[in-house]
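Each protein sequence line maps, in turn, to chains A and B. Just so it is clear: in the first sequence, position 30 is 30 by the working numbering, and no numbers are missing. Just so it is clear: in the second sequence, position 446 is 907 by the working numbering, and no numbers are missing.
Worth flagging that the hints you see were computed from the coordinates, not collected in a lab. A few of these clues could be false.
Claimed, not checked - Listed below are several chain A residues computed to face chain B (Cβ distance under 8 Å; list not exhaustive):
no. : residue
1   : P371
2   : F382
3   : A386
4   : A387
5   : V394
6   : T402
7   : L409
8   : E455
9   : R458
As the list claims (entries may be wrong) - Think about it this way: if two alpha-carbon atoms lie no more than 16 Å apart in a straight line, the pair counts; the simulated EDC-like pairs of lysine to aspartate or glutamate are:
no. : chain 1 : residue 1 : chain 2 : residue 2
10  : B       : K569      : A       : D420
11  : B       : K569      : A       : E418
12  : B       : K569      : B       : E488
13  : B       : K909      : B       : E816
14  : B       : K831      : B       : E906
Values in this document were obtained by computation on a predicted structure and should not be read as measured data. We treat Cβ as the ideally placed atom computed from N, Cα and C, and that holds for glycine.
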Amino acid sequence: MPAWLPEALIFFSLVFLLLQESFAGERGVTPLLAWGAQALALFCLPFLPGEASLLGGSFLLHPQALLFKAIFLLSALVCTLYAVERPNPDREGRIRGEFLMTLQASLLGAMVLVSAGDLITLLIGLELATLPAVALSAWARRNPQSGEGGLKYVLLAALSSALLLFGFALLIGLSGSLALEAPARPLPLQGLVLALLLAGAGFKLSLPPFHLWAADVYQGAPTPVAIWLSTASKAAGLAFLFQLLQGPLAGALPDMLPLLALLAVLAMSLGNLVAVLQQNLKRFMAYSSISQAGYLLLGLLDGWSDAGLAAMLYYMLVYVIGNLVVFGVILERERDCGATEIEDFRGLIRLRPGLATAMLLGLLSLAGIPPLAGFTGKWFLFAQAAAGGWYWVVLLAAVNSTISLYYYLRIVRQMFIEVDGDLPVRGDGGTRAGRIIAAGTVAICLAGILPWLYEGMRGML
Amino acid sequence: MEFLLPVLTFFPLLAALVLLLIPARAEGTLKNAALLLGLVEFALSIPLFTGFAPAVAGMQFLVDLDWIPLWGVSFKMGVDGISLFLVLLTTFLLPLTILGTWNAVEHKVKGYLILFFLLTTGMIGVFVSLDLFLFYVFWEITLIPMYFLIGIWGGPRRIYAAVKFFLFTMAGSVLMLIAILFVYWTTSVDGHHTFDLLLILEHFRASGSTQTWLFAAFALAFAIKVPMFPLHTWLPDAHVEAPTGGSVILAGVLLKMGTYGFLRFAMPMFPAGLKALLPLLIALCVIGILYGAWLSIAQSDVKKLVAYSSVSHLGFVMLGLFALTPEGVTGGILQMINHGISTGALFLAVGVIYERRHTRKIADFGGLAKVMPVYAVILSIVCLSSIGLPGTNGFTGEFLILLGAFKTQPWAAGISATGVIFAAVYILWMYQRVMFGPVTHEVNEKLKDLSAREFIVFLPLLVLIFWIGVYPDPFLERIGPAVEQILSTIRTS
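One chain only, chain A, in its complex shape (with noise of 0.2 Å):
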């Protein structure tokens, strides 16, 4: 199969649900053309070269970009589902053929951003990726929240936009060259570039300081956009790092490891610290996830090696799936009672027990309690920080475990303890949703215990 087939698949699909919008108005959308392509985008992955080179070297196909436009195509096929399931217009605005098509370009964006070739490539697929997003994120109209928030993410994104050309253009300019790998010989101003580009990956990783708004885009945002950011997008920061640091910044790397560090507990300690004070759900998902991003950043301590990078990349699929699940259940909720505050998970074992008990293991996954994937994939990246010798940021890591731990734990007992004194709303239920997020609870199990998932990443890379 030829190796831009998904990119192309996406690309066609874009394309065709606009003429389709055009020609047959917004009624005349077939959603199956957008989950669709991606379904079929996923299926083909498997059977692409392992490794390629199109277009001189611009797009290049390898092992890891396989694996992240894996957990792309996952995650937009879920949000793109989870989307279409009985949407609710007056909080997430009309989703039809303008919204998929925004979200096939983000999702376009993301796949070609890992198969960039050169920085040029490179800065285009993180554009789109973007753009899009911020687009989808100011989605509901009729929401004043969801405004502010697209609001504040498109002038931070302006922001780190333009930090990443100036460092980009410096780069270039510096170096003479687009090519994306270490310059032959030390760069002046080597440290300003640095920070740039580290900067511009920190907004989209959202580690602190870069992490202001995460948590207002989150919570106005339509949910099934605020998954796509969770998940997709995080693991497009975390796709563009990677990028980085095999690219211009590959010698640099052993000295940036006290920054990366202090950066990983950073965020873990500031994600975890101000998620115990949320009450809105949603907005306690983005200080999870803001942490979340600490604990990937562990398996970069030891130095760049393999068993780190199949660590990482373990450790994102395991929290996107996780991710999928729990923002699955909140959507259902949102739709049942129309909010997202952590009150109305009270008493939802009574009310919907396969909701309560799917929300319980991906919550328990993400605090990372065995036998749960959470489980092992932390124990992966603590393992690789340790071999570096980082057991202080093991030890904070730990500890903001345990203090994540007592957070997720709130959830769970307004769900499982609480549940005397009038309840709220029960909801129908029985959407398609459902077998998704059941599908993705028994991928949180199985994949905790067993260990394939984990060995065949790291035999592919």
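Knowing the structure of chain A, use the given hints to seat chain B on it.
Okay, now just chain B, sitting in the frame of chain A:
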């Protein structure tokens, strides 16, 4: 026989799945099924006792499968004389607790029973794991069911108690996790790193100060679980709020995960660290023994009294282990079993009057001996075994502990021996106030004596109390060789 240990570990998980399929409304069916499944689990564990070769010191029923070979993680299980009886204690208490708390849980019976079986999987897993990763997994797994058991079926302050229990245990395991990772990266077997405990015991080498840190990291996790003074504060809260069944399992088995952890992991892996911290640990044991006993004397709530007595009794167990003599360690292990039996029985006995009166205040009772004669006899036997009267199991254990401790820690043993006297004070005084004298409350005059079901629950416990008290040899001969081996590992390195 070869896969007996995985079967024992995961049968309760299967049982939980079976219970999941029974509708929640059919409470009678649920309870009967749970009892049956509990009995099957116990029956499955009998071959473990009969098939166990007493004279062999090493691991038996060994299972060693690859799990995550890239990380040197294996699925390795085995039992020796130390873990054998802890596994048996767990499977023995499971059906008894289900039967003993038949009517104690009034709502959400299904969830209660399912969590009970999940908890059993975690506990047995802890006792049979011979791989640090596997051990850590089971260690953490036990948290979730216990959190719910306390949080959902507990008393008025149950949420506070559940969160406190959870956070204390998690905070303890944090440092252990780091120590495990350190051991992993510093142990190299033919160029591979491993989590395999037996290989680590053979190949792990570290300097004295490093060992001290590592020992301290493991010890913190285990000391919280035991609990040793001053880390015991979660225990009374958890016990008082937990439902009867939760208390029985908590005192009977869960606390032993801590003492077992010391003996299986911390002590043989880091003997130099153990030696460096020994004076401190001995001092904490002695304080725990006396302090726990004194606090028990002052309690007005029977359940809290039993909870604090656990702090004192577990202090004895730890003193025996830290004596580092064959008698002391053997006594310590035997006393773990004894404590499981006696304190388990005490909590069940407290549950009996709580179910009838819905209060546990000593002042609300008095003169029960006249109203409930059978109960009075049984409670007296259980109380005497908890004090350690000769002829009961408590005597054998405490005697061996003190005998062993006198050899190496004469002062500590001497002071601790007074703990036995204080135990007599709090237990007998409690018994006197609850059982003797006139019936002070009218309600108590019509209390029903033990039902046949309750009597059947206590019967096997009484048999064991006397069996271990009179003829402990079948236990000691199986524990002995394993103790010798652990002690020689500690001595040689």
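Evaluated hints:
no., hint, result
1, P371, "holds, 6 Å"
2, F382, "holds, 6 Å"
3, A386, "holds, 4 Å"
4, A387, "holds, 6 Å"
5, V394, "holds, 5 Å"
6, T402, "holds, 4 Å"
7, L409, "holds, 7 Å"
8, E455, "holds, 6 Å"
9, R458, "holds, 6 Å"
10, B:K569 - A:D420, "holds, 13 Å"
11, B:K569 - A:E418, "holds, 13 Å"
12, B:K569 - B:E488, "holds, 9 Å"
13, B:K909 - B:E816, "holds, 11 Å"
14, B:K831 - B:E906, "holds, 9 Å"
Going through the hint list in order, the structure satisfies each hint without exception.
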